[in-house]
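Starting from the given sequences, assemble the full structure and let the hints guide the process.
2 protein chains.
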Amino acid sequence: MPRFQRMAVLGLGLIGGSVLKAASGGGLNVVGYDPDPHTADIVADAGFETASSAAKAVQGADLVMLAMPLNGLEPALQEIAEHLDADAVLTDVGTLKTPTLNLVEKYIPNAHFVGGHPLAGTEESGFLAADPLLFRSAPWALTLAPHTELPRWLQLAELICDLGAKPVPTTVAAHDAAIARVIGLPHVMAEALALIGLRGGPLGLSLAAGSYMSGSRVARTRPDLVATWCDHNPSLVPALDEVIAQLTHAREELAAEGSILDLTTAGHDARINWENRQFEPVEVPAATADLIEHGRLGGWITAVVPGENGRITLLGMRPIS
Amino acid sequence: MPRFQRMAVLGLGLIGGSVLKAASGGGLNVVGYDPDPHTADIVADAGFETASSAAKAVQGADLVMLAMPLNGLEPALQEIAEHLDADAVLTDVGTLKTPTLNLVEKYIPNAHFVGGHPLAGTEESGFLAADPLLFRSAPWALTLAPHTELPRWLQLAELICDLGAKPVPTTVAAHDAAIARVIGLPHVMAEALALIGLRGGPLGLSLAAGSYMSGSRVARTRPDLVATWCDHNPSLVPALDEVIAQLTHAREELAAEGSILDLTTAGHDARINWENRQFEPVEVPAATADLIEHGRLGGWITAVVPGENGRITLLGMRPIS
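Protein chains in written order, with my numbering: chain A, 1 to 321; chain B, 1 to 321.
Just so you know, these hints were derived from the structure itself, not from any lab.
Here the structure is a predicted model, which means the values were calculated and not measured.
Worth double-checking, as some hints may not be accurate.
Here are the simulated distance ranges between beta carbons [claimed, not checked]: (1) B:G201 - A:E283: 15 to 25 Å; (2) A:S259 - B:G310: 45 to 55 Å; (3) B:K106 - A:I320: 23 to 33 Å; (4) B:S137 - A:Q59: 31 to 41 Å; (5) B:A86 - A:Q278: 55 to 65 Å; (6) B:F279 - A:E124: 38 to 48 Å; (7) B:G201 - A:A287: 20 to 30 Å; (8) B:A255 - A:P151: 16 to 26 Å; (9) B:N273 - A:L133: 43 to 53 Å; (10) B:N273 - A:D41: 28 to 38 Å; (11) A:D241 - B:A303: 24 to 34 Å; (12) A:E257 - B:I320: 36 to 46 Å.
Glycine included, C-beta positions come from ideal geometry on N, C-alpha and C.
Structure representation (structure tokens):
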């Protein structure tokens, strides 16, 4: 299975910058582009190859990664549509996969597109926060669909393994539904806590400590970015309904019985059981349906191993049920 | 102003153990007691003085700190009632001040009681997690009431400063109302997130990352302890109502407009403004009403300075409004 020769990273913030740093060297030629000239200067000064436009960056690249914020995606796709190599794999790093897929299908319908989402990041943003170790042991969702050309998906999965991350095969729809709960909910709740927690006056501001700080940590992230991780995700509405119902139930128990012990017990169990999951190594058939099922069961890929007669062996891990 | 000579710490978990470690030495004689013999052995093996009962621990102590979980408070007060020195200051470290006050008034109505609450801790518990530096720069609420004998309060405030913490003067009622928002809400929301965030199936469990982890961190704490920080606090009910209303509004905006940008902007502003508060040094009159007002405005004490003619100067910090 061939490896990628030249990768273009469009958008050099925290994620794109970290990919640029992590993927450079090791036989892969990487070029970066950022529309902000100040960022581009910093990246060039740090010794990385940069291009003066997205169109120039993608020329000759067999892998193009869209790593700009969601509102920069449409103009970038319009710009690169005519310049993208016909064989290039196009991927992204967006938190939601539906918006990217819709835009790619609109502007570059023939692209070999694989949606990607590294579950890595901090509340910081920008190239100066970029870290080549950001993806170590991080899940990295990679979408599959019936028309996905599996060899290209596997080629990308191998690169993701090289970055230290754990490719999680999934579909666009399953990914966005899961993200509503594990990214959308935490952010909406952190924002609500950040706001309401401090509404009791200055005494509370001076008593707020660890639990307020960790609970509201991600409210430090740029609010327009957080909104793009939540907005227009239909699965977030019912997930919020469940949280509101749970909080309402706890509120009723507290008012009537005086205790929220049922909730604290259930929440603690959920969190600890999650931490204590055990995994086992498995071989995963190199077939779209098998890969999607592997991801649905909580598994990921650890290695893409070329074998005899062009046969590929996929090694993975999956939860012990 | 005299300093305390001998302190008894009853309950040697994370908070009591950290106080034992931080207060030992420096001219203060400290004795610890824990009802769990295994804990008591560990503490004694670490070189600290321990007593074989709460009654023995408090004999001869001019400061007694109740540092057991809330459910251990009633038997401890019953046990020490007959043995506590008539002049001793009694304090506690509980998250809510009303339950302690009610029990003290029931069992030792003549006690010189000052409610205390260090806003320090981790999701860990037990003496093995105790850390003498736990209180560095941590707010430490100290309650005042019309009948509080100010010299004793100041004596305790000075010790709290010595531990590295920031004494925040407040009343029992104002404290518990503030705690509903900055301790109660973060814990209830963390428990709800821990539970609902993972309800989407195993794919979500493998994609949960930083925002889920920090948002649900305090759900790792023993659930019975968390319940005692929330239960029977009447201020938590309306605070939960506000959070539920805020989440419901965000849910409606998301369903109707497709965006939660209003919430993310407001939450981000609240959190960042909190981080960016500025403070200025002030002198605080050594009078109960002035101290309560100083705490209400978000201030704390930095030093208790004895002056001429037995006059006390209180130095503090307060937010610049």
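Quick rundown of the hints versus the structure:
1. B:G201 - A:E283: 15 to 25 Å: At roughly 23 Å between Cβ atoms, E283 (chain A) and G201 (chain B) fall inside 15 to 25 Å, so the hint holds.
2. A:S259 - B:G310: 45 to 55 Å: At 48 Å between Cβs, range holds.
3. B:K106 - A:I320: 23 to 33 Å: 52 Å, violated
4. B:S137 - A:Q59: 31 to 41 Å: Since S137 (chain B) and Q59 (chain A) have Cβ atoms about 54 Å apart, the given range 31 to 41 Å is violated.
5. B:A86 - A:Q278: 55 to 65 Å: 58 Å, holds
6. B:F279 - A:E124: 38 to 48 Å: 25 Å, violated
7. B:G201 - A:A287: 20 to 30 Å: 21 Å, holds
8. B:A255 - A:P151: 16 to 26 Å: 41 Å, violated
9. B:N273 - A:L133: 43 to 53 Å: 32 Å, violated
10. B:N273 - A:D41: 28 to 38 Å: Roughly 32 Å apart at Cβ, these two residues keep to the hinted range, so it holds.
11. A:D241 - B:A303: 24 to 34 Å: Violated - the Cβ-Cβ distance for D241 (chain A) and A303 (chain B), about 51 Å, lies outside 24 to 34 Å.
12. A:E257 - B:I320: 36 to 46 Å: Distance hint for E257 (chain A), I320 (chain B) holds at roughly 43 Å.
Against the hints set out earlier in the document, violations occur for numbers 3, 4, 6, 8, 9 and 11.
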